[in-house]
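Q: Listed in order, the protein sequences are those of chains A and B.
Quick note: the first sequence, position 146, residue 146 per my numbering, numbers continuous.
Converting from the second sequence to my numbering requires adding 1000 to each position, the first position being numbered 1.
Check before you lean on any hint, since a few could be wrong.
Stated by the list, open to error - Partial chain B-side listing against chain A, Cβ under 8 Å, derived: (1) Ser1002; (2) Ile1012; (3) Ile1016; (4) Leu1023; (5) Arg1026; (6) Ala1027; (7) Ser1032; (8) Glu1036; (9) Val1037.
Claimed, not checked - Using 30 Å as the maximum straight-line C-alpha spacing, the simulated BS3-like pairs for lysine-lysine come out as follows: (10) Lys1034(B) to Lys164(A); (11) Lys390(A) to Lys80(A); (12) Lys337(A) to Lys80(A); (13) Lys164(A) to Lys337(A); (14) Lys390(A) to Lys1034(B).
For the record, the hints were derived by calculation from the structure and aren't laboratory data.
Note that the structure is predicted; figures quoted are calculated from it, not measured.
Where is the CB? At the ideal position from N, CA and C, for every residue including glycine.
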Amino acid sequence: MSDRFSSRWGLVLATLGMAVGTGNIWRFPRIVATNGGGSFLVAWVVFLILWSVPLMMVEFSFGKHTRSGTVGAFVRMAGKKFAWMGGWVALCATAIMFYYSVVAGWCLRYLAASATGGLAGADPAEVWTSFTSSYEPMVVHALALGLGVSVCWFGVRGIEGVAKVLIPTLFVLVVVLAIRAVTLPGAELGLEFLFKPDWSALSDVNIWLQALTQNAWDTGAGWGLILTYAIYMRAREDVPLNAFMIGFGNNSVSLLAGIMVLCTVFALDPGAASEIVGAGNEGLTFVWMPQLFAQMPAGGLFMTLFFLGLSFAALTSLISMIELATRVLIDAGFQRKQALLTIAGAGLIFGLPSARSLDFFHNQDWVWGVGLMLSGLFFAIAARRFGLEKLRREVINGEGADLEVGRWWTFLIAVVVPIEAVVLMVWWLWQARTWDPDWLNPLGVANVGTVLAQFALALTVLLLLNRWLARRVAGSGENAS
Amino acid sequence: MSGLAILMMVLIPGLIWGGFLYLLSRAIRSESSKREVGDAG
């Protein structure tokens, strides 16, 4: 197979691009601010080791060993009866891709507006409302999807080439914005808010579960995306050091984003801090941040840099989701261009409801966000089926490994990760009972019923198609029998 | 700022950013040693 990353740095940058997304920039600062600041950070570091890094090693090893997309990899690692689990992982990431291109479109639209001065002097809340109720989100959704598809058109070379430019630039942008934020008068209030621990909060189980959730959603571990990029690893490529590096690199960006957002908020509008961090992802990013930048010297420039960074983060993550879906179709016998056109068509159509309706967008974000926890559990089950010690010794610690991973990894994947996944799903669904009085209504926006209905439909279809799925990918990968 | 906040401000970024830079430097060293072995071979 000639379709490989040209170097380790190509793989690392592309995978960092996958991991660093809008969740690092618009979700992390809000969650840390509303969950105990420094205490949350302790729990967040713990779960980087107890969830993200071990699962990243599983994904890297699956991709490297099987050279197949999610369905083929699950068949080869766990057996033909487990094709549906690989199908679930693919479905989850693809369903997220459908609405994530809408998010990437919003970022591009705000980048253009801030660069051309379109946000200057306007009321951001009004701009956001009029934008989301217009046809424009559909146009920018198509634009973002088109950009992502055009990168994947050139295969791994396209992905690597884009990552090598966008990711270092994104790091520089986030550092510049964080430095600007901490040098604003009053920024120390934001730092205090971010880092000051409330030790009593550590006895609150919700803080720990929020920290675990943040790791599950923003590192990309257990999504199948790392597995997809690992297909293109060089033969003698390291697994464990790369997994640690991606995890720590991703969380480094989150920390910088937390400093950038909270210092900006506390320096420019400390009285409204609670309202701002409670305004939700879109409220913080598209309504409050433009208002805050407008109060800053050279605010137009920094606002443009902010939306440029956000657009880069969104696009590099979107590219990985498109590649995941494309790779599954290639394994099923499609040519790359044929697969990409199919994914582009599906993405365009199935993303439209999210572009038209924020309720639909929030519904999909909620359902497939919970679905990712099930994906993480499926990876742990498949790794166990293959043999955890065999996987650790032969693949993770195999040829090219720069670190030797001990039995702690086996214990984490065998016991800790499955418990985390189950507890997390139950906890989110239990909480969701209180969000909607009609909590079992399958047509609700964010409740238990909509998750159970969509999960039941997807799992039933995947289980019914299991044999067909396993047959379709039978010839894929290098270790195909 | 309180002393505790300053301590955490050193510890958490030290661990995350320091950890990332340490891992990156290990990867760079590993790649350059692999290249040297390749060149010698």
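Q: Are the hints correct? Go through all of them and say.
A: Here is what the structure says about each hint:
Residue-level restraint check for Ser1002(B) holds (minimum Cβ-Cβ distance to chain A is 6 Å; threshold 8 Å). Because the closest C-beta pair between Ile1012(B) and chain A is about 5 Å apart, less than 8 Å, the hint holds. Hint status for Ile1016(B): holds, given a least beta-carbon distance of 5 Å to chain A, under 8 Å. At its closest, the beta carbon of Leu1023(B) sits 4 Å from a beta carbon of chain A; the interface hint therefore holds under the 8 Å criterion.
The beta carbon of Arg1026(B) is positioned within 8 Å of a beta carbon in chain A (closest approach about 6 Å), and the interface hint is therefore held. Restraint check, Ala1027(B) versus chain A: the minimum CB separation of about 6 Å is within 8 Å; hint holds. Taken as an interface hint, Ser1032(B) does not check out: its beta carbon lies about 11 Å from the nearest beta carbon of chain A, beyond 8 Å. Given the 8 Å rule on beta carbons, the hint for Glu1036(B) is violated: about 15 Å separates it from the nearest Cβ of chain A.
With a least beta-carbon distance of about 11 Å to chain A, the hint placing Val1037(B) at the interface is violated under the 8 Å criterion. For the given pair, Lys1034(B) sits about 22 Å from Lys164(A) by alpha-carbon distance, which is consistent with the 30 Å threshold. For the hint linking Lys390(A) to Lys80(A), the alpha-carbon distance of about 19 Å falls within 30 Å, and the restraint holds. Our distance criterion of 30 Å between C-alpha atoms is met by Lys337(A) and Lys80(A), whose separation comes to about 28 Å.
Using a Cα cut-off of 30 Å, the hinted pair Lys164(A) and Lys337(A) holds, with the two alpha carbons roughly 23 Å apart. With a C-alpha separation of about 26 Å, the suggested pairing of Lys390(A) with Lys1034(B) holds against the 30 Å cut-off.
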